[in-house]
Amino acid sequence: MIRLTIDGQEVTVPEGTMIVDAAARLGVDVPVYCYHQALGPLGACRMCLVQVEKMPKLVTGCTTAVAEGMVVHTKGSAVEKGRKGVLEFLLINHPLDCPVCDKGGECYLQDYTFEYGPGHGRFQEPKIQKVKNGPINDLVLIDQERCVLCQRCVRFMGDYVGEEQLLLEGRGVETVVTTVDHQPATSQFTGNVIDLCPVGALLSAPYYHKGRPWNIDRHSTVCPHCPVGCSSLATTRESHIIRLEGRPVPDRDWGWLCDRGRFGYDFGYHADRIADSWVKERATSAAQATRDVAEWMQQTNAQYGPGSIGFVMGGQFTAEEAHLIKKFAHDVAQSDNVAVMRNVRGYLPAALNGTFQDLTEADTVVFVGVDPYEAVPVVHLKLRDRLRHFSQLKVLGVGPRRLTRDTMPGQDYLVASQDEAVFFARALAAAAKDGPGVQMLVDSVRDYVLPVSDEDIEAFGHALVDAEHLSLLWDGENAAMAEVLAVLAGLREKPTAVLPTFGPVNWRGYEQAGIDPRYGNVEELLNKTRTGEIRMLVLWGADLTRDLPDRQLAEQALAKADYVVSAQVVPPLDMPYIDALLPVATWGEVEGTYVNMEGRLSIGAAGVQPPGQARPTRTYVANWGRLFRQDFGLDDEWDPFDSAQGDLIARAGNNQGPAQAVPRPGTRDASQEWTIIEGDWVMENGMPSEILEPRETEFAARVSPEDAARLGIGEHGGYVEAQTAGGTVMIGVQRDPAIVERTLWIPRGSRHDWAQHLEGLVKLTRPEEVPSV
Amino acid sequence: MKPEWNQWAREFKEQYPGANSALMPLLHRIQAEEGWLSDETIHDVATLFDLPESYVESVASFYSLFFRNQVGKKVVHVCVGLSCALAGSDRLMENLEHRLGIKEGQTTADGEYTLLEAECLAACNQAPVAQVNLRYFEGLDPERADVLLESSKSPEEEVKP
Amino acid sequence: MSQKYYLLRNREVADIDRMDVYLAHGGYQALKTALTDYKPEELVDLVKKSGLRGRGGAGFPTGMKWGFLPNDGRKRYLVVNSDEAEPGTYKDREIIEKNPHQLVEGIIISSYATKAREAYIYCRGEFLFGAEQLQRAVSEAYAEGFLGENILGSGFSVDLKVYRGAGAYICGEESALLESLEGRRGNPRLKPPFPAIAGLYGGPTVVNNVETITNVPAIVTYGAEWYTSMGTAKSPGVKIFSVSGRVSRPDNYEIPLATPLRSLIDDYAGGVLPGHKIKAVIPGGSSVPLLLPDKLDTPLDYESVLQAGSMLGSGGCIVLDDSVCMVGATARLVKFYREESCGKCTPCREGTYWMTDVLDRIERGQGTEEDLDTLMDIADNIGGKCFCPLGDASLGVLVSAMKFFRDEFEAHVREHACPMGAKLYDTVNH
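Protein chains in written order, with our numbering: chain A, 90 to 862; chain B, 88 to 248; chain C, 1382 to 1811.
Don't read these hints as lab results, they were simulated from the structure. For every residue, glycine included, the Cβ atom is placed at its ideal position computed from N, Cα and C. Just so you know, nobody snuck in bad clues.
No more than 25 Å apart at the CA atoms, straight line, and that leaves these computed lysine-lysine pairs for BS3-like:
1) C:K1456 to B:K100
2) C:K1572 to A:K146
3) C:K1784 to A:K146
4) C:K1784 to A:K170
5) B:K190 to A:K216
6) C:K1676 to C:K1615
7) B:K161 to B:K190
8) A:K143 to C:K1572
9) A:K415 to A:K617
10) A:K146 to A:K170
11) C:K1542 to B:K100
Some chain C residues near chain A, calculated using beta-carbon distances under 7 Å:
12) L1571
13) S1722
14) K1725
15) C1726
16) E1731
17) G1732
18) Y1734
19) T1755
20) G1765
With the hints as constraints, model all of the structure from the sequences given.
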């Protein structure tokens, strides 16, 4: 540790700390532009000049490491003159167009000029003209004239994300930030440069000229688009969310967002948003719909007794709302048939659930079935951060496609989804045969043939067993993995963390509210519906036909139920079965708790009114309670934080019994030429966005480059004919080197109709005529 | 991409402990053939080095002798350093502009000449000086721009950089 | 004036750029002596004893620089800076074009002394002929067994490559040069670490100027005492001065250090042009402050020139006479730094742009009294606040010109025109 004095205050900091960071610990603000802790020192802007005793010149606080006994002054005439000079330089070629700049009022160039800058400008010469409001892509604009060339954006995209789509072009005063060949940047992290830009150079295209700091409100919230639950700030104006920004959390989170999260906030105002009630295909008032549904519930209960109504939670509701549904079901509707909608069968006990902190300490990371870049993008960034600090990070992928990539290099073990647990079990048997539970685990799959060599299996086993700090990301596709993960964690004496990447985004919150989120639960509920034990389904955000892996069960249950009530934000695929469609308030319209994939509780803010007749879950539940004429206590004391430790859910309670054998996967039909695999892809999470339309593709399915060539699919994708058991459908595909031959990847829960009609895929063929796009 | 570029890239890369050191030699080599570095060339070179295109573009745009726009067959660099200025380099430039009918920074319509300023060319004892395709023309008479243009046409001077 | 040349031996021996001629005149004998009679450490000592200082501009003692290399077994590099582009300086170009073998010989000896396994000559992009000459000399040296594996049976091996820059003065700054050599934009690096610790490809690296290294064979041949017999105790030896501007015989002159400036101009360069008087001299390349005629008796050694208020720098001596407008000359030089600023740091990038425009305006008679104070303040805001020395370099002439010739600047303001009637400084339009 190093002890030094800054502005007369003593501070002790670790060796290697830069003066600016040491000062920040004392609450002493040293202005910076180019310096960013996540990106490291650059020394370009010269804004952070400070005086160090015994040094002949001012030094930059961002590039000067502390030294024992150092005496630093961040004030005084020399420093003030230095700062003033730098600011004046930064302003000479700046257009000074603050009145029409979106960053006005949120701009460090303004702030520092106000605080440290010259009162007036002396520059009278012509300013250099550069590109104004040019596109970085459809979502991000650049005003090169306002740029201070701090290189934060270029360094972020290049060094941090590893997708070098921004560059410095030219030299000297003519230098500009631009894109490759002046073509749109395609990374899904481009929006972060807006937050990183300390001035008005990089702007949000959808926010362009939409708000000023004095007519907007900002709400601290979490992103609802995937289980990462990124901390963010929602900007609202006139009851519209008009922007989402990253919200850094000191010492934990840099505040990065993916473009899906940053720009996908507009699903609430999408043309598809359900704002009216529909009962038996007729529009009606929400009040009438509420009465009708209450009547159906009363009628069902009267006729079939307790337990005849089933409730399924999906969507993006808060834990409190889940609690209300659960409580209403039990107290009023007299049913404990309450389940969480699932699109995969896996479940992870809280005891095994790691945190993002584990990723910052991991020496080995295993992706089980999941490509974090696509499914949980900001986790990919967190791993990039780890890679920057620990280049030896071992990255391993296990699944039916390649899961590592250029920006996350590692080794892939290609095994079918159904074989993932077998592969793990056998790997453990090879590397830790005496480990507790290992022999049991592998009992029925010892001779199961895997497409991986014994050496590779053993090497993988050693990687699992020998890792100092093991983190696994798991997509939940192969349910038997839960057993494997429990055994793995049990036999390892070192930290083992699993991060579940599956949804729905707040399933852990629903679980905290007392609803069993395991697939078996929703499966049982629907089986009971199919057999007539449950007569009425209340689907709270759940879309069975879209998401349930067992599509037949979903359809049979829906068809069998006397009443299907569905509360939704956008029309579900269940639509043909629905008797009452209820418009419901969603993220951004209701305050409440979200629990993310690391089991962290955060509060989603309410900033805007729900549109039309959409109303909060609480309103529906309260009205039904009243219509049932019961004294239904909404105001109980349940608080999701009650059982939490800090803002993390409790991890204890892993009552894992003795190890169970990994079940032997069924044999595949050898006559089937193609394998269909599914994966989570944030862009296809079912929430519509007008803003993100330019990023959407009709060609959402993917095939290997070899198959693409055979099918005549070019660089940008195209249509192919899929012959299935049920007939021929036209599907949009593109080439993806991560996909192996004769495999068709489709996004899980895709909004594309064809994704639901691929059962019994026989083959893909080049269409006779390609429909024009 | 010309087939030989791959060969050149391989040869240059073998010469240096860091493969990227071969980038500028390859850009020089290709520019010597092609005259300039088009977007396609940058793309191809990035491919040859397995580098992001942005990297190659950023490097190429930093150096004034890499041309990212098409230039004339003969690139005339007139030194405007102080010593040459004292010897009349501005008049030389004006005369060349007049003679070629273009301004500094431009290329003649027939694609023969591009006229550029150069910072000190390190030939101050021979001021004013100019280079045509990086070959020196020293001790020039500012009033006799034609001498520079005529002599640069002679075959023995026709050496590509 | 008959003279013995140690560096510009081409002045005495025709065609010494050819291997046979160079060998016939004792070429590569110093290499043989170094490899047979010296251990590397002894050579470092020899160069330390000779007092040789870096000829690129900073004047840092060469032997001491060599001594900074850590003994940690990592592969070492020697990089020779031939990115000569400082206005008024053209000495290195003569060496590489006309006497390249002596440079190559110097590199091999210096590599042996510093235990470098690989050496590079980073040659300015504009020096196409120079690069060709060097490449030829290097190839010839390989053919003779002076380069490559086990040189002359000594067990010492070094490879030498000629690398061409592509037009960027900033690459003369050693860390920017290394960036460029590694295939990047020529932006200076953050220091520390210094090249001696982490230079080329992260390895221990010595970066020396062409002229510096060209001295080495002569020092090996004639000894440290010979070298220290010239110049002063702190600035021993010979140095090449590039004289240009308003003199009768602008040329490179190889003379002992501490030769008076007046002698360089009058005895060697033939004096100021007939009918004119010296107004000021830029003694060490465009980055250093002006000297007035009252300092003409200053001995040209590092200490004396510093004492006189300027710097010896690269030895590029530009003579300005009474026909020269100081505002125009200053504008021209400052514009050079604007063109060559890499753009990384704010004060250099924006400051040189601003100063150029203000100077141009003053020269065209559109300046105000206030502009003069603003200029000095801009200079103050650049000075000592930039990432690398380029920003400070842009101020040397400006600040001294404003000090010594303020009246001339004021006259431009007062008369709304250049009193000299000069139109050669219309800098911005080009």
